[in-house]
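Chemist: Could you build the full structure based on these sequences and the hints that come with them?
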Amino acid sequence: MTVRFGGVAALSDVTFEAQTDHITSLIGPNGAGKTTLFNVVSGFLRPHGGDVRYEGTSILGLRPHQVAARGLVRTFQKTSVFPAVTVFENVMIALHTQGTAGVWDILRGGAKVRDEEARLTARAHELVEIVGLAYREGDVAGSLPYGEQRILEVAIALAARPRLLLLDEPAAGLNTGEREELIALIARLRSEGISVLLVEHDMRLVMGISDRVVCLDHGRVIAEGAPAVVRVHPEVVRAYLGISDGDEPSSSDQRTANGQALAAGGDTLTAER
Amino acid sequence: MSSPALAVGLLAVLLLTLPFWLRNQYHLHIAIQVGIFAILAMSLNLLLGYTGQLSLGHAAFFGIGGYTSALLSKHLDVPVMLGFLAAVGLAALAGYLVGKISLRLRGAYFVLVSISFAGVIALVSVNWIELTNGPLGMPNVAAPGIVLPGVGEFVFRSKESYYYLVLGAAAVSYAVCHRLVHSRFGRACLALRENEVLAQAVGVNGTAYLVVAAVTSAAMAGAAGSLYVHYTRLVSPEVFLFSYTVSMVIMVVAGGKGTLLGPIVGAIIFTILPEVLRAVASYQWQMLAYGVLLILTIFFLPRGIVPAVTSWWGRRRRRAVTPGLVPVAESERTL
Ligand SMILES: Nc1ncnc2c1ncn2[C@@H]1O[C@H](COP(=O)(O)OP(=O)(O)O)[C@@H](O)[C@H]1O
Ligand SMILES: [Mg+2]
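Line by line, the protein sequences give chains V and E. Under my numbering, the residues of the first sequence are numbered 91 to 363, in order. Under my numbering, the residues of the second sequence are numbered 180 to 514, in order.
Take these hints with a grain of salt, some might be off.
Said to hold, decoys possible - Here are some chain V residues the structure puts well away from chain E; computed CB gaps all over 12 Å:
# : residue
1 : D103
2 : D111
3 : H138
4 : T147
5 : G151
6 : S281
Unchecked claim - Covered stretches of chain V (in silico footprint by chain E; criterion: 3 or more residues with CB under 8 Å from a CB of chain E, positions within the stretch not fixed):
#  : segment
7  : 161 to 175
8  : 178 to 184
9  : 188 to 201
10 : 241 to 254
Source of the hints: derived by calculation from the structure; they are not laboratory data. Glycine included, each C-beta is placed from N, C-alpha and C at the ideal position.
Modeler: Have a look at this one:
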């Protein structure tokens, strides 16, 4: 696929594949085009060229809610919850595609609608518990600390019953404990048959958990393959070391740090925001 | 009996017996006005409070409802109860049109389209003289009646009977709002109000739900319009006045938008207040006092009266129940 903003190509001819039952990670320096790619796949942005195929059919041109209904659910890089309602209600809202009651059914009432509400309520409690926010259930989402809002975002996405979950920097800003919980959660998703496409700067997280890694730089795929291969790929190291041209100095410091960490085995790499 | 259930029971008894102890016809008239405005405010709240979309042409749906059943009964002798249904239906259709045109882009666009729509409809009511009798309107609109088997026709002509009619309609409107709000539909509306992008990402079809909300809201306003003209027994372009819309917005915002009781509390206060002021002050002072009270309410209770009272009550109860809070929460947390 190809996406241009004005004259700038945010994605040029990017082709890659996320396999079923895999955790595929998408890495690359800031501005590489990762979020843009998510926007295309989830129907928020129309590419200037190319195609997005899911389970054999093109999903290009579908509106975001239609994409979600097919089981491709995304999260956002910038924290995104329903701020004025409770944690529980956040998850209830996100169970939308798991219910069928229409307005007539709701106005008439009756057992079918009540049963559905009971089922969704039970599921919401279950999800809140799975992500470890049960003790926060009644709290207004906007009042949660940052880390817990990020965890809530994952619960919201899970509520929409994804078969392919797209996570955009879910670990950014989490503390070590929260990060461990997130890693465990992502691993658990795969074991439950949910494929994951992960954008993340934390190389330790990425390299530890991924089945495959795709590296973008300046809107192009510069490397892809098994984590161990991508990590030592010269292009990747170069992109992270920031040898390549024309970036503002502030981010290249970060790049250098990341590049060295990468070369050293990716243990201490920090989130780049 | 728990205290909320007791409160609801008392309120029901109070409302059902009102005409028996409120013998003054003028007071009963105000009670009927409160009921009609409560329906209007609930209707606007469905959009403004739960989806976040502001309809500044809401009087149009009120007026369409009023004209529809008045015209049907005047020109075609349609029984008022049937005319009422037609009024609800036509207002709903108008809501559908306005929604379909403007809710894809929504926000300011919806505000503008709803205002323009109200303007056009008001012009039609003034200028289509053969049909509507123009600015003068039409007097002697029929009173609604129902045929009771074995008894004959009962006509809602007295204030007492009309009070019950309006009370019934308000109760149905409340029930409709209650069901919608506590449902998959209501949650989809909330999602759109709170975070539209995230709502789409979890599969909520924004435009479709907003249109349904607009249709339901317009239908309720149409019902209120029909009740209004068959009560005053007069229909004129007055029903399209912008001031009706303004009153509705004030009631919803001051009472508490996005709450079920807010619009009702707002309707009670802001229907009775002008009447009280009228009794004690000249027109200028009335307007001034009304304005000052409104500003104070919005300033000190920005979320409205009902949310303020609810959170005050919640704080009071928490203090009373758990002195020195223990981490109950932690123990509830399981894997
Ligand atoms: N809405 C937009 N308008 C203009 N340029 C954009 C827009 N969104 C992203 N870009 C540009 O596209 C490039 C890729 O951005 P993005 O996908 O956010 O990168 P990443 O998520 O990998 O950090 C950047 O150069 C960015 O400035
Ligand atoms: Mg990004």
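Chemist: Now tell me, hint by hint, if it's right for this structure.
Modeler: For each hint, the structure was consulted:
no.	hint	verdict
1	D103	26 Å, holds
2	D111	22 Å, holds
3	H138	22 Å, holds
4	T147	18 Å, holds
5	G151	15 Å, holds
6	S281	15 Å, holds
7	161 to 175	holds (count 10)
8	178 to 184	holds (count 4)
9	188 to 201	holds (count 7)
10	241 to 254	holds (count 4)
Consistency with the previously given hints is maintained throughout, with no hint failing.
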